[in-house]
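Fit chain G to the given chain U structure using the hints.
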Amino acid sequence: MIRGQDLLRKSLDRVRSSRGVRMAEINPSLLRELQSFRDRNIGILASNVERLRRAVEGGGGHFYLARDQSEAAEYVVDIVRRSGGRLILKTKSMTTEEIGLNHALESAGLKIVETDMGERVIQLTGEKPSHILAPAIHLTATEIAGALSSDLEPSPSEIVKYVRNDLRGYFLKADVGVTGANAISAEDGSILIVTNEGNERLVTSIPKTYICVAGVEKIASNIYEALRTVEVQINSATGQRLTTYLTIVSPLAKEFRNGRDFHLIIVDNGRLEASRNVELSETLRCIRCSACFNVCPTYRIVGGRLFGHIYTGPIGIPWTYITAGTEAAAGFSHLCIICGLCMRECPVNIDIPYLISVVKYRAVRSGSLRPSFLARNYDAILKTASRFPRLANIALSKTFTRALMERLVGIDRRRVLPPIPVESLPKLFKRVRRPEKPVGRAALFTDSLIMYLYPRLGFEAALILSSLGVDVSLPPQRGSGMPLIQSGLLDMARKVAAVNVETLTQYVDSDHEILCLEPTAEYMLKKVYPKLLKTAEADKVARRTRSLTEYILRIAGHAGGRMGRVIYHWPCHGREVYDHPPTRLLLERLGFEVHMLDTGCCGMAGVWGVGPGFEMSSMIVGEVREAVESIGDLDVVTDSTVCMMQLQQFLRNRVVHVASLLYGIIGRP
Amino acid sequence: MLLEGRENLKMLLERLEENGCQAVVCGGLEGLYSNLDLILNRFEIGSAAFYPRGRLKSLPSRLSGRIVQVNNDMAAADLAGFKLAITEFDYALAESGSLVIFTESMVERLVTCLPETLLGVVWADRILPSLTSHHSVIAANVADGKVVSIISGPSKTLDIEQTFVTGVHGPDRVMALIVVEE
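Protein chains in written order, with the numbering used here: chain U, 232 to 900; chain G, 766 to 947.
Be a bit skeptical, because a hint or two may be false.
Cross-link-like lysine-lysine pairs, in silico, BS3-like; alpha carbons within 27 Å at most [stated by the list, open to error]: (1) K342/U x K241/U; (2) K848/G x K392/U; (3) K404/U x K822/G; (4) K359/U x K342/U; (5) K485/U x K775/G; (6) K614/U x K658/U; (7) K758/U x K726/U; (8) K848/G x K822/G; (9) K848/G x K439/U; (10) K359/U x K241/U; (11) K404/U x K485/U; (12) K668/U x K658/U.
Reference excerpt, derived from the structure (chain U facing chain G, CB under 10 Å, subset only) [unchecked claim]: (13) S242; (14) K342; (15) I343; (16) P366; (17) D419; (18) N427; (19) L477; (20) F487; (21) R488; (22) D492; (23) F619; (24) D702.
No wet-lab data here; the hints were simulated from the structure.
Because the structure is a prediction, the values reported are computed rather than measured.
The C-beta atom is built at its ideal place from N, Cα and C for all residues, glycine as well.
Chain U on its own, in the form it takes in the complex (with noise of 0.2 Å):
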């Protein structure tokens, strides 16, 4: 158990628990038009900085645009030491932390206190923050008391108490307030400051001195823009409606008029580029909300001390590849796993887990991430084992040939692995009768372990769709390449995505519709393979392709009796393409009486959770074994096979595919 995890994963339990019921109240139109601004203004970024230099200046502040962190510090450095202040109080800023501000004014002999109530813990303690909105979220208060006084109670009110009464004193005589920005109006300057403590109301108004320090994606066109991304900003981090306080400055504003001075230094290191980047330009949507944090399967084991830079979680892949370069991003971009479900959470619909494979990519091309063996070759192994059955099988079995794979391709040895069977897919396909009369036409898709590892399931499906009237076809194919995509190699993953593409579409243009057996393939074929390939192919190759089980779903109207109690673990790609699980619903119309898993990832992600995962890939799924348990002992259902090796592997309850339960009640003869 990793230090603090217990306490990490219930605050994101509660904090997620909490944004559902407030984002399920939003009307989607609001979040469109959120995100239709925001994108309109990542384009005239540059023109926006111009407005808000000649808004700030106008109204009798000091604007300064860094192009760089050192710049920045350097500049704050520079106010401090003409305004004669010693004293330095900030509030909980992401950008300031982005620039090295601490360090910088500690350097120049300067006192800076943390006002936060988490991130003065994080500096009295002498920790590392891990969370970007609840830096103290993996301390217990007996470590936080303990830190702080030898005689102090260690419960959170008398920490916090602690903590109030010493700040206290700093505020009465701090000589310049830094805060960051929520948002910035481009129109009239106003810095727009969210907080639920209040430290931002005494650090924007005692100082005789006010600096703002925020990234230049932080600016609104104007003033309802600016509420608008405060508000939603609030409603997915934490589900509130308005945080306590909602604090706007502005350079206007007459508390500046009479000595006092307004700064507001806006920080490009990288955006600018970045947003004349079409690849990494989505990043710049991000209203830091940190909702992606919440579901993250790996974030959730081991926090932002190890799941980040400066900027932390999913979407701080990205941000740290745009403002602190290739080495940063590659130091933990191999902690995503591409399960996709940041995306599903995130309000203004950036695509994480394509921009992490970008990051990820570009990390390879530079030589600062290396992909495994296992995740390079992966569709070459298991089609040579498929070769060799026999010969496989033996390998598989002995310890000894274990532990060579796991050195020379990768595979853990603790994976436990289905025997390799004698007979293949294409082989056991000969065998689906092609009905008379078709009542469609269908192709199968199915990803590389249907293909070489489970035909029998690629078999039964067709089988399924046989009967029901469907004349199916089996066509030449290669495995997805998500695990290519994991691992930042873009070109391969074009290459394989090109190959099946073209196959795809002879298909679909002969009437064909694409059955995907895999959440995975789905998801690539949907998703992944119109933005690698960017073609009007994989566009209609996209828009013909469907699940098994939605397809079902459509031409057949089953109804059944009374089929028992089964549970079912939606995998996580397939949440990526469907807003409810079209299995669970036929489950239902069959007759099943669905327990639906509250869970995330189970944590096996393809030849991650068989390779170089393995370690983590099996804590993660033990948040989906204590859901299983507290259910009972029934049958778990599942659409993956991937899903389906890693819950046999560490579920005592039987694991099917439903394609193997849907033959056993609608596909046999």
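Quick look at chain G alone, frame taken from chain U:
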């Protein structure tokens, strides 16, 4: 009061409560003074600060002798010594259960921040539906040199073990007195 106004008031009361505020509806100025009287009875004489503004420029003599009227020459440290602060807010936001104040001076702003209890008076005809419904009001006040403070409950944190603790840097208690005039 128009139907829309009644709906806004109802929502405001619900949301203030959700935010951990105590909300009291007062029938006109007399109702307000009676409620202030009751509240001030719980505080020592001289421990409550009053910042006159808006429609609440003064308090009747039966109350004024028990409060300290704050002016813009006072220092932040002086304000920190008060247990209670009373002032008028410019608007309330129904959807979020918030009180909105547009301030021109540091003291006017800090009086709503430093004392342990904040008592915000707002007129029922100044309840707006939501943060963005009347954004032009906010923009106009910014242009007029005001700092905008929107307060939705007591100062709080969940930073330590996700335990809810109030009274971090701002007031530990927030009360809203909503004045309804026929």
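Enumerated hints in conflict with the structure, sorted upward: 1, 3, 5, 14, 15, 22, 23 and 24
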